Amino acid sequence: MEALLQLSGVSKQYGKGSQLFHAVSDAAFSIYPGETFGLIGESGSGKSTLGKMVTGLEYPTSGSLLYQGSPLWNGKKFNRRKPGEMQIVFQDPQSSLDPRMKVQDIILEPLWALPADERRQKGSTERLHALIARVGLKPEHLPRYPHEFSGGQRQRIAIARALITDPTFVILDEPTSALDVSVQAHVLNLLKELKRERGLTYLFISHNMAVIRYMCDRMAVMQKGRIVETGTVEDIFKHPQEAYTKTLLSSLPSLHKENASLHA
Amino acid sequence: MSSLSAKADTAAQPSRKVNPFWFRIRQSPLTLFGLFLLVMLLLLSVCAPLISPHDPTKINIPERFSPPSAAHWFGTDEVGRDIFTRILYGARLSLGVGVAVVLSAGLVGTVIGAISGYFGGRVDQIIMRMMDIVLAFPSLVLAMAVAAVLGPNLQNAMLAIAIIKIPVYVRLARAETLALREKLYVKAAVTFGIKPWRIITRHIIPNAVSPVIIQVTLDIGDAILLVATLGFLGLGAQPPTPEWGAMISIGWKYLLDYWWYPTFPGLALFLASCGFNLIGDGIRDILDPKANR
Amino acid sequence: MLLTIKDLSVEFSSMQQTVKALNHVSFSIDQGEIVGIVGESGSGKSVTALTILGLLDNNATIKNGEILYKGRNVLQLHKKEQQSLRGKQIGMIFQEPMTALHPTMRIGDQLAKVIHRHREIAYKEAYRQAVLSLAEVKINEPELVARKYPFELSGGMRQRVVIALAMSAPPDLLIADEPTTALDVTIQHEILKLMKELAEKRGTSIMLITHDLGVVAEVCQRVVVMYAGEVVETGTTDEVLAHPVHPYTRALIGALPDLASPDQPLHAIPGESPDLRNLPSGCVFAPRCDRALPLCREDHPVLEPVPGSRDASTGTHQVACWVR
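Residue numbers (my numbering), protein chains in the order written: chain A, 1 to 264; chain B, 1 to 293; chain C, 1 to 324.
Excised from the complex, chain A in its bound form (with noise of 0.2 angstroms):
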């Protein structure tokens, strides 16, 4: 099978000099279709650079990020084939979605990089309506604004958002990081559900290790700017390789107390 994203020792290096400093180093993986892949690392592990890279808001120093077969990148500028084929839903929907736009507006605004007919085909009313039924929110919430929901409504904006363009590629940038518990089953429940009915395919970037096993296929660890490791989740969870990701599952909070490390 064919990747849908692949990757090649891409690096990015930010300043020059003794400033020079490494925020990703010879990263490599493929994603394939139909399956979700986890990023986990930690704050300064590089996976959000990553991230930013593969959406096309920082460009490699080197290395290739193909997309499709193509390389999504040409130097400094983006190439965006097929607008809207790639979306992303952000960590925080509190400052992704802006606060002096309406619902709707919010909601249709990707559409804005397509080409007209296709614009006014996906943003009929009807497929609108049917959209924001399938992520739970109600049209009479299209005329309000962000600041009238609550966080789970938002990051549900936010998801409609991004399939308003019909996207094959979706990249989940800590989409419930900032949400409370009890919030983030409904919306992960949210995503596994489309994904499956959509046939997506999934960037989740985490620093969640529960999260991640509960959404993902295969992942990759980062630390420091290098992929550590990468696996299937199973065989990760169950057999770390590497020191690193050891510690990273050790340090799980859980639930049961005798299986806490503290008290080991």
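Everything labelled a hint here was simulated from the structure, so no lab data went into it.
Where hints are given, some of them may not hold.
[Unchecked claim] Far from chain C by the CB rule (all over 12 angstroms, computed), these chain A residues:
{"hint": "1", "residue": "62"}
{"hint": "2", "residue": "69"}
{"hint": "3", "residue": "108"}
{"hint": "4", "residue": "116"}
{"hint": "5", "residue": "167"}
[Unchecked claim] Subject to a maximum C-alpha distance of 20 angstroms in a straight line, what follows is the list of computed PhoX-like cross-link-like pairs (lysine-lysine):
{"hint": "6", "chain 1": "B", "residue 1": "187", "chain 2": "A", "residue 2": "77"}
{"hint": "7", "chain 1": "B", "residue 1": "253", "chain 2": "A", "residue 2": "77"}
{"hint": "8", "chain 1": "B", "residue 1": "195", "chain 2": "A", "residue 2": "82"}
{"hint": "9", "chain 1": "B", "residue 1": "195", "chain 2": "A", "residue 2": "122"}
{"hint": "10", "chain 1": "B", "residue 1": "187", "chain 2": "A", "residue 2": "82"}
{"hint": "11", "chain 1": "A", "residue 1": "102", "chain 2": "A", "residue 2": "122"}
{"hint": "12", "chain 1": "C", "residue 1": "193", "chain 2": "A", "residue 2": "246"}
{"hint": "13", "chain 1": "A", "residue 1": "102", "chain 2": "B", "residue 2": "187"}
{"hint": "14", "chain 1": "B", "residue 1": "195", "chain 2": "A", "residue 2": "76"}
{"hint": "15", "chain 1": "A", "residue 1": "76", "chain 2": "B", "residue 2": "187"}
{"hint": "16", "chain 1": "C", "residue 1": "124", "chain 2": "C", "residue 2": "148"}
{"hint": "17", "chain 1": "B", "residue 1": "183", "chain 2": "A", "residue 2": "102"}
Computed from a predicted structure; not experimentally measured.
For glycine and all other residues, C-beta sits at the position ideal for the given N, C-alpha and C.
Given the coordinates of chain A, assemble chains B and C onto it according to the supplied hints.
Here is chains B and C on its own, set in the frame of chain A:
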């Protein structure tokens, strides 16, 4: 802030019924007073023909320099025109000119500033150096120079004041844009592939508008003063147009003998600029999230 | 008991609306005990801490109840007394360490100043003790770190400094509000371990406010579960986590992806989080509860000991629920 805040705990609650804007305004007596002043001035100037039986430009030599009386509340000037009437009609001009000048400067400046801040690089360099040139001159001197070159009339005075006001808005909007460019919703729009012009008009300008509005309200008072100053210097509205600055300009020569002549237009000018400043301060307190109590 | 909260109710009023942040909250913390206060946003866990510390905003009113600290009602103390209580006897740690640190003062000086004031010793001696206290929170090369500014340290290091600062008095009670939420998991683990060790060594009690049941399981002996400004369940951590009785506690544990099978959907709690301006007259959780009886919507349950509990003899496991 940490989560140790009662506000954070209730922030997720949906909207409130009371309009917070009016609620806050009602809590600030000074802002209310400023609002009251302006509404009064506006009403008086709009209803001028109903309030005063006099014609603002009709010359009536026999009654020249009459002191304030029941017939002429604020007295008359050197050709017998009723000063109260002239102030009322002058208010239309001064307020209108002040608002128009600042609004256009604000609009033009915001757009330039947003472009400058959003694109950065060379575009930003060129625009900002041009603004520095304008800011390098004392505003009044530059306004005088522009007005003098273009010819002494009200339109040119307005243009001159607008030009000297633009850099303030460019800087303000640029600073705001630099902050907004880092906002997640702007980055989100970039990842969707939205064109820069649409991002600027849909995201940047609507969100950069609060500080601009504050600056506009604070500047209107200043602009009215500038119009009056140019009028005072003979570079603004020409006689017999009833304009506060022009009235003060002619009247101050008679101050010692006929105190009412420059005093009342001056008082009107003072109240109007006071009103706009009070409202500007009030709006700033309301819109500035850091000033929230 | 070191701290006893009895029947505490707090309201916030803004724009002609009343937000009932706390409703008849009661719990206590014993000397040397680590108690976890768990809840989601809007549960009132942070408001409880602010009330104890006397740091509520002006728009808050304490409607009811008392907070007894070593037998004295904290709510009746003067501002001055409250202040000295805050610094000397009750230490505080917040989520964001930078809010507790002076940005332009060296770490050593910040600590020394506080120690100098609390222990009434010479500044030089206070500085020496400051360096020692840095070593105590497991900071390597404490002399070096003492000469640094807060911005030169990582998040985990800053939180260690804040802990040293909070423990400097030394306090009898430490209130920690989400102390590890902003930190990476591996560092979170170390900080929790450190807090636990220090508390055991000094006999300090800790009131640990968190949204994370995993954190509670790691360090707390007892847990107080809050929902919509009320205590819905309390008991020893082992008992509450292993045998939760209140439907909300059960749902909260069930909503965690930690133990869920990836093939099954997570047990999400239906409905929206409660509107604190308009709480139901019966049980606050009834609108979202899958086991609610008609009684639950009419009558408000109060905390009562759980009959069949392992801790039945002591009555420490209590729940506010009609459905048993």
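Hints, verified against the model:
With a least CB separation of 28 angstroms from chain C, residue 62 of chain A remains clear of the 12 angstroms interface cut-off, as annotated. The claim that residue 69 of chain A lies off the interface holds: its Cβ sits roughly 30 angstroms from the closest Cβ of chain C, which is beyond the 12 angstroms cut-off. Remark: the non-interface label on residue 108 of chain A is consistent with the geometry, its nearest Cβ contact in chain C lying 25 angstroms away (cut-off 12 angstroms). Once the 12 angstroms rule is applied to beta carbons, residue 116 of chain A is consistent with being away from chain C; the minimum gap is 38 angstroms.
A cut-off of 12 angstroms between C-beta atoms confirms that residue 167 of chain A is not in contact with chain C; the least separation is 23 angstroms. As the CA atoms of residue 187 of chain B and residue 77 of chain A are separated by approximately 16 angstroms, the hinted pair is consistent with the 20 angstroms bound. About 68 angstroms separates the Cα atoms of residue 253 of chain B and residue 77 of chain A, which puts this hinted pair outside 20 angstroms; it is violated. Between residue 195 of chain B and residue 82 of chain A, the direct Cα distance comes to roughly 15 angstroms. Compliance with the 20 angstroms bound is thereby established for this hinted pair.
The straight-line distance between the Cα atoms of residue 195 of chain B and residue 122 of chain A is roughly 19 angstroms, inside the 20 angstroms bound, and the hint therefore holds. Taking the CA atoms of residue 187 of chain B and residue 82 of chain A, the gap is about 19 angstroms. The hint holds against a cut of 20 angstroms. The straight-line distance between the Cα atoms of residue 102 of chain A and residue 122 of chain A is roughly 18 angstroms, inside the 20 angstroms bound, and the hint therefore holds. For the suggested pair residue 193 of chain C and residue 246 of chain A, the alpha carbons sit about 18 angstroms apart, so the restraint of at most 20 angstroms is met.
In summary, the hint linking residue 102 of chain A to residue 187 of chain B is supported, as the alpha carbons are separated by about 18 angstroms, within the 20 angstroms threshold. Distance check on the hinted pair: residue 195 of chain B and residue 76 of chain A sit about 17 angstroms apart at the alpha-carbon level, within 20 angstroms; holds. At roughly 17 angstroms between alpha-carbon atoms, residue 76 of chain A and residue 187 of chain B fall within 20 angstroms of each other, so this suggested pair holds. This hinted pair checks out: residue 124 of chain C and residue 148 of chain C have alpha carbons roughly 18 angstroms apart, not beyond 20 angstroms.
The hinted pair formed by residue 183 of chain B and residue 102 of chain A meets the criterion: a straight-line CA distance of about 17 angstroms does not exceed 20 angstroms.
The structure does not agree with numbered hint 7 stated previously, though it agrees with all others.
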